Amino acid sequence: MTDERAPHDPEQPAEAAPLLEISHLKHYFGGLAAVSDFNTRLYPNELVGLIGPNGAGKSTVFNLLCGLYRPSEGDIRFDGQRLNGLRPHQITSLGIGRTFQNIRLWNGMSVLDNLRIAHFSQMNYGILDALTLSSRLRRSERKVHEEALDLLRLFGLEQHADERPPNLSYGVQRRVEICRALVMKPRLLLLDEPAAGMNQGEINDLLELIHWVRDQFKVTIWIIEHQMRVIMGVCERIQVLDFGKIIAEGTPEEIRNNPHVIEAYLGEEVT
Amino acid sequence: MRRYGLHILAVVVFLLTVVPSWLGVYNGYIQFLLMLIGINIMLTASLNLINGYMGEFSVGHAAFMGLGAYVTSLLTVWLLTHDNVFGPPVLAPGFSLVIFPLALVAGGVAAAIFSLLVSIPSFRTRGDYLAVITLAVNFIFKSLIENIGAIGGPRGFMGMGEVLAVMNGVIRAPWLMIWTFFSCLATLFIIRNFVSSTYGKGIVAIREDEIAAEVMTVNTRRLKMVAFMLGCGLAGVAGGLHAHLLGFINPSSYFILQSTLVLVMVYLGGMGSLSGSIISAVGFTILLELLRPFGLLRWVATPLLLILLMLRRPTGIMGDRELHDVFPRLRKYFPSAEERLLEQ
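Protein chains in written order, with the working numbering: chain A, 1 to 271; chain B, 1 to 344.
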């Protein structure tokens, strides 16, 4: 395990405050340690990959971070604030957006409504406004409507605004989900296996999109992936997780030649 | 003109229901039926908010309705009439016109508070707990009322007819019909607004995927409680009207059979469709009346009809669509809720 935690982005001074700091994170499912002693730091505007074989605990780390699971031990700090014990909607309102491995759009409503509801924590009206459609509510709703449409236009998805997600192709659904995660103006974007089920052409488009999102929205992006070739092409820094621990960390080049990684992926070609 | 489409529709309904009753064109039975339809629309729409839009499963709507019925009736009978239990009226008859709507609101608030107590344990967990707990709520409510001897216990409570007579004595008008009309209108207005706002639409997100909703910043626990309280509170108001319509209530009137009737109307109309709820409440109430000559057989015929419907059209009459989705030409006359939301 390498202790080298400094970011590899040369423009990023090493002493900058980390955006996300996870220390000694542990989580048990019954007696099984899904995550054991996980440590990491992410810095603003980084693009970091978290890889590992199936069952290594990658998604568990994301779920712990979002508050969907409560960590058994350890500390999660986002922008200096401790996240342990907060409920998921509180955590994500602080500026953490995420997508899911198995796309979790709301299928019973339009794409536009999917984006509108993600504005939930930004709505500045209360229950009484909602019951009477007050002018304050309508002002707020108009703004949300415009913002959601603007975001869709930016992603080139505006022609799908009124469609329901199940009618869209898989690749488009992935883009809509990333779009929805950006609604809450996140500073940290978590992508959980964004390339799952995609062919090579779609993967290439996706990698381009990820770079574009990072530059356009100035977010830190943390990607989970178990296909090496996906993550090698996009991340500046890669962490390798196996049995709930980080076994290696470094640039794609370093990871490719790391004997621990080759061992963890035994039988798979590391390219 | 188009902007006021729904307003005009409301006035037309008023002219066809309340005004003829006022002028004595409709006999007592027709008036009874019209009010029952209004109350059933309220019950169906409010349960649709919980079971349809939010996708939870509440089977205790009658208990919340019954609580509203008892609270409203106790208040009006205590304050306005000479009663064996409460003695002479507290207020002069002139107050009755104000007290009646206030008592309806009080019934609704009582039901909402009761529903809050129910929702605190049920919404801390995910899954089917609400169904189990609301099933228990039916029994809790029934045994609670049965064991309060002062208000009649299992023998029931009456005197609401007297309340209506007092109101009629002040100004002669079909008061119950008027308040049923406006309560029904307010219920539909409130629910339509709620489910079209981003705030209220969060409950649809909860139905579709609760984890995604929570991660997309929706405060799911609070929103579920708000929606549940809203639905149950409106059922409480409907209960208050229902008690005055019957003039006599007992705990068995608000038990599982009544809960089931409302459930049937919700699923018949379609989960998450407000116009479906209206259509099914109107249709089902009339159907039950038409089958009345067959006596007990109507309780055989209606479930059969329901089975048939579920086989032929499992999503109910309207599914989750509204009337203007099915007949786009209606958009020419009535704006959709989304348009209202975005207008200046």
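Watch out, some of these pointers could steer you wrong.
[Claimed, not checked] As a list, the in silico EDC-like pairs of lysine to aspartate or glutamate whose alpha-carbon atoms are at most 20 Å apart:
1) Lys143/A with Asp209/B
2) Lys143/A with Asp113/A
3) Lys185/A with Asp79/A
4) Lys218/A with Glu202/A
5) Lys26/A with Glu163/A
6) Lys245/A with Asp75/A
7) Lys143/A with Glu343/B
8) Lys143/A with Glu338/B
[Claimed, not checked] Derived DEER-like restraints, expressed as beta-carbon distance ranges:
9) Ile262/A with Ser336/B: 58 to 64 Å
10) Ser134/A with Trp299/B: 42 to 48 Å
11) Ile113/B with Ser134/A: 20 to 26 Å
12) Pro328/B with Leu154/A: 54 to 60 Å
13) Ile211/B with Ser134/A: 29 to 35 Å
14) Leu9/B with Ser134/A: 53 to 59 Å
15) Trp299/B with Asn54/A: 41 to 47 Å
Read the hints as simulated data drawn from the structure, not as lab findings.
The structure presented is a predicted model; accordingly, all values stated were derived computationally and were not measured.
Cβ coordinates follow ideal geometry from the N, Cα and C atoms, glycine included.
Non-conforming hints, listed in increasing numerical order: Result: hints 1, 4, 5, 12, 14 and 15 break, sorted rising.
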